[in-house]
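The lines below spell out each chain.
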Amino acid sequence: MSWDYASLLPGVIVLSSLLPGVFIFLVREESHTLRTVLNLTGAVAKLILVGLLIYGVWLGQVFETRIAIAPGLTLVLNADALSVLFVTLSTVLWLITTVYAIGYLEHSTNRSRFFGFFSLCVSATVGIALSGNLLTFVIFYEILTLATYPLVAHRGTPEATRGAKIYLAYTLTGGLLLLVGAVWLRTLTGPVDFVEGGILDDLPASLHGQLVVIFGLLLAGLGVKAALVPLHGWLPQSMVAPAPVSSLLHAVAVVKAGAFGIVRVVYDVYGVTLAGELGLLAVLSVLASFTIVYGSILAMTQDGLKKRLAYSTVSQVSYIALGTSLLGPVATVGGLVHLVHQGIMKITLFFCAGNYAETLGVANVSQMDGVGRRMPLTTLAFTIGALGMIGIPPIAGFVSKWYLGLGGVEAGQHWVLVILATSTLLNAGYFLPILYRAWFRPLPASWPKEHHFQTRFETMGALLWPPVITAVFCLLAGLLAAAPFSPLEWARLIAQREYGL
Amino acid sequence: MTDPLVLCIALPLLGAMLVTALPRWAVTLGIVAALSTASAAVALTATVWQHGTLHLMLGGWDAELAIALRADGIATALVLMANLVGLGISVYATGYFHDRIRVRSFWPLWLLLWAALNGLFLAGDLFNLYVMLELLGIAAAALGALTGNRDAVAANLRYLLVGLLGSISYLLGVALLYTAYGTLDLGLLAQGVAASPELYGVNAAAMTLMVAGLALKAALFPLHFWLPPAHANAPAPVSAALSALVVKAAFYLILRLWLDLFWPITDMAVAMLPAMLGAVAVIWGSWRALRAERLKLLAAYSTVAQIGYLFLFLPLLAATPPGPARDDLLAALLLMALTHGFAKAGFFLAAGLVQTNAGHDRIDDLGGTAQRLPATTFAIALSGSALIGLPPSGSFIGKWLLMQGAIATGQWWWVIVVTAGTLLASAYIFRVLSRAFGLEPTPLKFVTDARAEVPALTLALVSVALLGLASGPLWTLLGLGDAGGGA
Amino acid sequence: MLTAQFLYGAAGLMLFVLGLWSFLVHEPLLRKIIALNITGAGVFHVFIAIAYRGDTAPPDPVPHALVLTGIVVAVSATALALMLGARLQDAEEEDQSR
Amino acid sequence: MSAWLLLAAWVWPLLLVWPASGIRFRQDWNAVPDPSPPRHSQLEARSSTLPWVALGPVPALAAALLAPLGTELPLPWLFLGTYLVLDATGQIYLGFTALVWLAAGVYAAFGERGAPVGKPAARSGRFDALFLLAMAGNFWLIVGADLFSFYVGFAMMGIASYGLVVHDGSPSALRAGKVYLVMALLGEVALFAGLVMLASETGTTRPALDDVSALGNATIALLLLGLGVKAGLVPLHLWLPLAHPAAPVPASAVLSGTMIKVALLGWLRFLPVGELALPGWGHWLALAGLATMTLALPVGLVQRDAKVILAYSSIAKMGFLMTALGLVLVEPALAPVGVAAIAFYAAQHGLAKGALFLGVGLRKHAGAPGTTAQAMILGVVVLLALALAGAPFTSGAVAKYDLKPVLEGAAWSWIGAVVAVTTVGTALLMARFVWVAANIKGHAEPRWAWPLAAWGLLAALVVLFPFAFGKPAAWLSNALPVGIGAGIAAAVALMAALQPRLFAPFVGLVPAGDLLTLLTPLLRATKQTGEVFLEDLGRTWGRLKGAALNAFERVFGTPAGDVERDLRQWPVAGALWVGISALLLLLLLAARAPGSG
Amino acid sequence: MSMSQSESRAAERNRDLSLLVAVSLAVLGAALTWLYFIALSAGAAPRLADLAYERLPGTGVSNPVTAVLLNYRAYDTLMELAVLLAALLGIWSLGPAAPGFQRSGAVLAGMVSWVVPLLIVTGGYLLWVGGYAPGGAFQAGALLGAAGVIVRLAGDPRAGLPGEGAQRWLLVLGVLVFTLVGLGLMAFGAGFLTYPPKFAKWLILLIEMAATVAIGVALAAAYVGGRPPGPEAQPTAEDEDALTAAETPTPDPTPALRPQP
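Chains as they are written, first to last, in the numbering used here: chain G, 736 to 1236; chain P, -6 to 480; chain W, 2 to 99; chain V, 1035 to 1631; chain Y, 162 to 422.
The hints are simulated quantities; they were obtained by calculation from the structure and are not laboratory data. Treat the hints with caution; some may be incorrect.
As the list claims (entries may be wrong) - If we take Cβ atoms under 8 Å as the criterion, some of the chain Y residues that face chain V in the derived model are:
(1) SER165
(2) SER169
(3) ALA171
(4) ASN175
(5) LEU186
(6) LEU189
(7) VAL268
(8) LEU269
(9) MET272
Beta carbons: idealized from backbone N, C-alpha and C, even for Gly.
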C-alpha cells in the first residue's frame, strides 16, 4: 500500500474538512475568531485540493485511495469524471455557505457544535462523491444522515426536534434498505466497484429476478434522500433548520447525494443497457415524472417561503432521476448538468430566503410585498434563481431543461416534453407570484422584525454577497454553457465515458 | 514465553489482596493493579500475535492431570478487550466513588472479578471453568449490591441464585463428561467426543446441561429476566463491567463448547434453537429498550438485544463449510462482541456521569444535563452509533458480514431480524440523543470532568473508529487466512 | 461392581432433580437456598460415584479434591445468598414500618 | 467590425439596464423613511440626466443601416452556441424595429411614462429597466440565427413586457397582465417543445432552410401554436386587446409595432418556406388568418377606447399576413417574392402602428385641446390612419401591391374578394379610430418637444415610405375598396353626428377581450373544482394519517411492564429453562440418532 | 382487574407450571439416569487415578487427595480461596454486623472455655495429619470457624476476631501466600505453582497453614455477618457491657496455632 500523491489526494480531500470539524468541536464557544479561521482554512484548503484534482483528472491521471477495513471489505475513494463534478459543486458551495453561515449565526447559541457537524456533513458529502465502490458509498451515506441530524435539530425548539425526528426516521430507514441491497448485491457478485458501463452484464439470466428486487431496495434507499414522491415527507419538515443548513444540505448536499446515488447505481453498477432490459428505467422515469408534477403542485399550496422552496426541490431533483432514466447520452447530459444547475439555483433561493428571514423577519410569501424595494440586490438574486428554476433561457435552468427535452425526444419518449411543459408552467405558477409581490407591490407599513445592520448595503455583507455570487454563477453557467470547463462540457465528458462513445 | 498467561490472572489477584489488606491506599493500589494487568494483557496479545496459540500446563504435570491454560485467537481478543475496558472502568471508578466504605468494598471485588474474567477466558480445564464461573458470579453479585438499596439487593440476590443454578447445572454436565471420558481437559475431551460417536447420548446430555446453565448466565432471551434490574441498579462502573464483560464471558463459554467440544454432535437444526431465541431477544430487547423510562434500564435491555445478535451467528457457522467465508463469519462474530464490549462500557460510563450530574436518569427530563455535558453526550452518541451498527463502527462490518453470510447460506430471514433490530436500536438511541437539543444555555467547554469523560469517550471512540476502520488485524490475530473472503 | 456404583450415582442424580424441583417451585428464599445445596450435594455424589475403582484398588483422588473445592464454593455462595436475603428482609421490614 | 455591431445591437441595451433602473444599492437603509407619502422608493426617477431608454436602440439602428447583408458572427462559447447573422428579412426587421424602439424610447425618456394623472411618474426606473430588457430580447431574437437566440429573445421579451403591461398597477392593468402572462407562458412552453423537436429532427441548432424541410407535423403544429399566441391567432389573441391598452403609450407602441411581428419572423425562419410544399398546413394557416381578420374587424369597430381599436387593427393586419404566409407555404414558387413582400408589409405596418399609438399618446398630453399643435397632430394621425388602411399614395398601398401576386397565385379563387372586403373593413375601422381620436380631450404637460420631434420623424418616414420604396404603379393600387370604405365611413359619421343615439347601443357591445368573457367563468369553475378536490384529498389523507397514528399509539402505548414481571417469577422462568433444555436435548438426540454409529 | 384477582390468577398459573416442571424434571431425571448408565458402562473413568498414584512421590505429600488439591490442581484451590474471600467481601460490603446476641448463661460460658481450646488443638492436628492421611487446610479451617461461631454464640460480638485491620490481613493471608509462592517459583524459572520436589513438602505446609488461618477467619467473619466496626468507630456502651460480662479472656486463636514440628 504505497502512499503516493495520486493515492493520497482523495483521502486528504475528505480529511480536509473532517479534521477542522473535529477541532471545531473542541473550540470554546466564545472564541469566534479561532472557529472562523478553522472553518475558512478548511474550506479554502479543500477548494485548492479539488482544483488540483480537477487538473489531474483532466490530464487523465487516476486518483484512488484504497483502505482495507476488513478482508473483503475495502474503502475505496477514487476520482472519476462524475465524482469530480459533484465534488467541485459541493466544495465551492461549501465555501460560500460557510461565509453565509458565519454571518447568519452571528448571535446564535451552540455555534461550535453547529460548525463541527457542518464540516462533518461536507466531508460525508465529498466522501459520497468520491466513493469508488458501493460499500464506501453506503458508509458515507449513513455518516451524512448522522451528521445532518444535529443540524436539523440545531435550534432546539420542539418543532426542530420533531422535524429532525421525522428526518431521521426517513433517512435511517432508507439507509438500511440501501445497506441490505448492497449486501445482497455483494453476495451475488463479489466486491461492487463503480466501473463505467456497469459490472452486472455478465451475470446469468437466472439472477435477473434478484437483480430487480435489489434495484428496488437500492432505489428505495436512495429515493429517500433524492426525495422521490412517496419518500419525500422529510424534506419540508426539515425546513425548521437554520437557513445555511437548509440551503447547503437540503438543497445541495443531502438531496444530491440521493440523486448522485441513483446516477451511480444506474450507470456504474447496473449499466444502462441492463437497466433498460430489466425495465428498471421505465419504473424510474414514471416515478421521477410523478414526483416532478406532484412536487410542483404541492409547492403551489405552501405559503411558507422555505416550505415552497422545499417542495420545489422535491420536484427539481427528480429532473436528475428523469435524465438518468432516459436511454441516450443527451438525456444523461441533461440529468448530470441539472445536478449542478439545480444546486446553484436552489442555493441562491435559500440564501435569499434566509436573508429575508434574518433581515426583515419575512418568512411567508404573503409578507413579501414590496421586498424588492427594501432589498433590491437580494431580490434580484432571487429573481435570477427563480427564473432559472422556471427554465427562462439565459439562466442555467434552461440548459438542463433543453437537454432533458432533447434527450427525451431522441429516446423516443415524447411524453417527456409534456412533463417538462407542465413542470415549467407549475414552476411559473408558484415563483412568478412571489416575483410579482416583491417587485410590483408597494412597501408595507413596517416589516415583521426589521434588523438594522450598520452597513451601507441593504443587509450584512456576509449575508448579502453569497446569494449574489451564486446568482452570478447561475448566469455564467447559463451564458457560458458551451465554454470549456463549464458544467455542461463536463457533463458531456461524463456522458461520453458512460456510454463508451 | 507463556508468562503473560499467568500474569494476567496472578496480577489482579495479587492486587485484590493488597487492596483488601491496605484499605487506605485502595485507590492507588487499584490503579497500579489495573495498569499492570492491562499491560500483561497487551503483552499476551503481542506474544499470541507472533507465536500463535499459547498452551501452559500448570504445575508441570502431564495433560490429563494438571490444569491447562490456553490462549488462542478468540480468547486473546476477548482478554484484550476485557482488560482495556477494565482499565477504562478503573480510571472512571477512581473519580466515581466518594464514600469511604464503598471505595473499600469496590476495589477488592472489582479486581477479583477482573481476575476471574481473565481466568475464565484463558482456562482450558472444565472444572477450573466452574470455579472461575462461581468467582465471577459471586464477585458480580456482590458488586451489584454495592449501592445497598432494596432493589439492588433483590436484583442481585436473584442474579446470584440464577448464577448458582447455572453453575450447578454446568457442573453436572462436567460430572457426566468426567464419568464418560475420565478427563477434564478441554483439548482431550474434544478428541474423546470426536472419537466416540456411540456415546452421543451422554455427550448430548452433558452439552444440554452445560449450555442451558451457561445460557442462564448469558441472559439468552427467556432467561434474561434477571439482567435488567441487576444492571440498571448497579453503580455505573459495575453495570458497565457487568454488561460489557460478564455476560460476554458466559457467551464465550457457550461458543467455546459449541465450536470446540461439541462440534461433531451439533448440526443446523440444533443451532437453530439458540438462533431463534437470539432473534426474539434482538426484537424484544430493542423494543423494551425503546419503552424503558430510565437510561440504564435502556442500556440493560440493549445488552439483551446485542447478545441476541451474537447467537444469530451459530446456524450460519453450522451451515458454512470451513474456508474464508467461515473465517469471515467467526471474525464478524468476534468483531460484534468486541465492539459491543467497548461501546456498552462507554455508554454505561457516560450514562453514569449523566445520572450523577442530573440526580436521576429518567430519559424524558435529561434535557439540561445532556446539553451541559457535551463530551458525555458525544460519548453516548458515538457508542450509540456503534450499538446501532452505523457505518463507522465495528458492528457495522459485523452486521454486513452477518447479512452476507445469511444470504450466502440461504437463511435470508436473519436479514429481516437484523434490519428490524437496527431500526429499533436507532429509535431508542436517538430518543436519548434528541434530548441534547433543547433550549438550555450553551455549554462553555467541551470536556467538563476529564477523569470520568475521557475513559467513556476513548472506549466509545475505540468501538467506532478503531474497530470500524482498522479491524483487519483481528483476522490475523485469530490466525485466519489474511485472504479471508478475497482481497 | 457396576450396579452399586450405578445405584450411588443414580441416587446423586435423583438428589439433583429433587433439589432442582424444590428450587424452582418453592417460593421462600431459605427453601430455595437449601434446595440449591441439595442439588450441589447431588452433583457431588455423582462425582464421588465415579471415584470407586472396585473393592481392591484405592479410589480415584481427583473427584475427592473436586468435591472438596465444590463444597467450599457452595458454602461461600450460600453464605453470600443468606446475607443478601437477610439484608433484603431488613429492607422490607423497614419499608413496612415506614 | 460590422459583425460586432450585431452583438452590440442587443448587448448595449442590456448594459444600460443597470444605470437606467436607478436602483441605488449603496444608501442609508437605516434612515427611517420619512413618513410623508409618497413612499420614498429606491426606484424613484432620479433627476437623471441621460435618457438611457432612448439611447438603447442606437447600435441596433446602426447595425441595420451599416452592416452589410449576410454578415455573420459565430459565438460558439456564448450560451449554447449563438450565431448572429443579418439576412435580408433580418435587415428589414432590424430596421423598422430599431426605428419604432427609438421613437418609443425617446417618447418614454422625455414624455411622461403614461402613468395615470393622479400618481406622480413613479417607478420610472423600473419601467426603463424592463423597457431595455424587452428591447434587448427583441434585437437578440432578430439577429440570432440559431434556435437558442430566438428562444432567449422570445422569453426575455415576453417576461419583460409583462412588467410594462402592469406598470401603472391599476386593477385592469393587473388583470390584463395576468392574462398576458398566462398566455405568453403557454406560448413559450409550446415553442420550447416545438424547438426541441425541431432540433432533434433537423439535428442542428442552427437550421438553414434545407434542414428544415424534414419537419414532422407535430413540430409544425407546436411552432404555429407557440408563435400563434404572440401573433394573435384567433383563439389565442385574447391577451392582445387587454394588454396593449393597459400598457403605457410607449410600451403599447412597441408591443403592437414590433413584438407581435416576431412570430412572423419565427415562422419565416423555422418553416420550410419555399422549400417544401405544405398544402395542409398552408391552407390551415391561411384560413386561420382570414378567421382572425373577420373576427377582429367587427369587434374593433364597436370599441370605445382608441388604443383598443388600434389593438384590434393590429390583430386584423397580423391575420392578413398569416394568410399571405399560408398561401406562400402552399405554393413554394411564390416564396422569393412572397417573403420579401411579407417582411415589407410587416415593416410598414410596424412603423404606422407605432406612430399611431404615439399619436394617441401625444393627443392626450402634447398640448391643450384646440391649440394648433393638437390640430396638426390630428392631421398627421389621419394621414397615418390612411396609410394603415392602404389608401392610394400611402405606404399601405405599396405594401399591398407587393403582396398582390401572392394573393393571385393562391389556389382559392374567392381569396381576392375576401381580401377586398377586409380592406373595406380596415378602412371603416380606421375611420372609427379617427373619430375617436378626434374627440380625445388631452391636457397639456410641459417638456413635450423631444417626443413630438421623434414622432414627427417616424410619421414622416411612414409618409415618405411609398415614394422611397414603392413603384409608381403601386401608388394607385386597391384605390377602389378604400374608396368604398371611406364612403361608408363618411355616411355613418354623418348619421352619428345627427342622431348619436342611433349607434349608441352598438358602442361597447363587446368588451375588450371578447372571448375571454366566455372563458373566465369556465376558468373559475375549474379552479373551484380543483380546490374542492384538493381539499377533500387533504382531508382523507389527514384522516388516514390520524388512523395510522392512533393505531401506532395503541400498539406502542400499552404499558408492557407486566410481561417482564411474569417472566421474573421463578416457576415461569424455571419452566422456560427446563423446557429449553429439554428441547435442546431432543434436538441433539435427533441430530445424532439417524446418523449414529 | 384488581390486584388480588391478578395475583390469584398468577398463583394458579404458578401451580400449573410447577406441575409441568415436576413432570418434565422427572422425565429428564429418568433420561439422565439412563444416559448415566451408558456412561458408566463405557468404563473409561479410572485411568486418571493410576496416573495420580504413579506421580504421588513427586508431590511431596503422601495423601493423594492433598496431592491433587495442593499440587496437581493447586490453581483450583487458589481460586477457590479467592471465591471464599469474594463471598466474605460481598458480605462486608452489605453493611455493618448485627449487634450480636444477649449474654450467654453460665453453662454455655463453661462449655466455651473447654471446647474452644479443644477445637483449636484438633484443628492444628488435622492440618498436620493432612500430609499423609485425610485432613488438611479446609478441615482445619472449618474447625477454627466453628470455634469462632461458638465464641460468637457465647456473647463475644466479634466472635473472637481481632480488629478490622488485623482481620483483613488474616483473611488475605491464604491467597497472598499462595500467589506469592507461585510467582516466586515462576521467578525462579520453575513455572507458576510447580514445586521443586525437595521443597514441595514445606511449601505445601506453609500454604496449608496460611490457608487454614484464612479459612477459619473467613468462616467466622461470615458467621458474624457484617463489616467489623471500623477502627475509628468507638465501641458503643452496649459493646463495653458485653465485653466485661464475658470476663474470660477471649482466647486469641492465632498464638495457639504455632504448630509443633
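Each hint tested on the structure:
1. A cut of 8 Å between beta carbons decides the hint on SER165/Y: the least distance to chain V is about 15 Å, and the hint is violated.
2. Proximity of SER169/Y to chain V is violated relative to the hint, the smallest CB-CB distance being about 14 Å (cut-off 8 Å).
3. Annotation: interface hint on ALA171/Y holds; nearest CB of chain V at approximately 7 Å, less than 8 Å.
4. Against a cut-off of 8 Å between C-beta atoms, the interface hint on ASN175/Y holds, since the closest Cβ of chain V lies about 4 Å away.
5. Here the hint on LEU186/Y is kept, as its CB sits about 6 Å from the closest CB of chain V, short of 8 Å.
6. Look at LEU189/Y: its Cβ gets to within about 6 Å of chain V, closer than 8 Å, so that hint holds up.
7. With 8 Å as the threshold, the beta carbon of VAL268/Y stays out of range of chain V, its nearest partner Cβ sitting at about 43 Å, so the hint is violated.
8. The restraint placing LEU269/Y at the interface with chain V is violated, with a minimum CB-CB distance near 39 Å, outside the 8 Å limit.
9. Hint status for MET272/Y: violated, given a least beta-carbon distance of 41 Å to chain V, over 8 Å.
In summary, the structure is inconsistent with hints 1, 2, 7, 8, 9 from the numbered list given earlier, while agreeing with the others.
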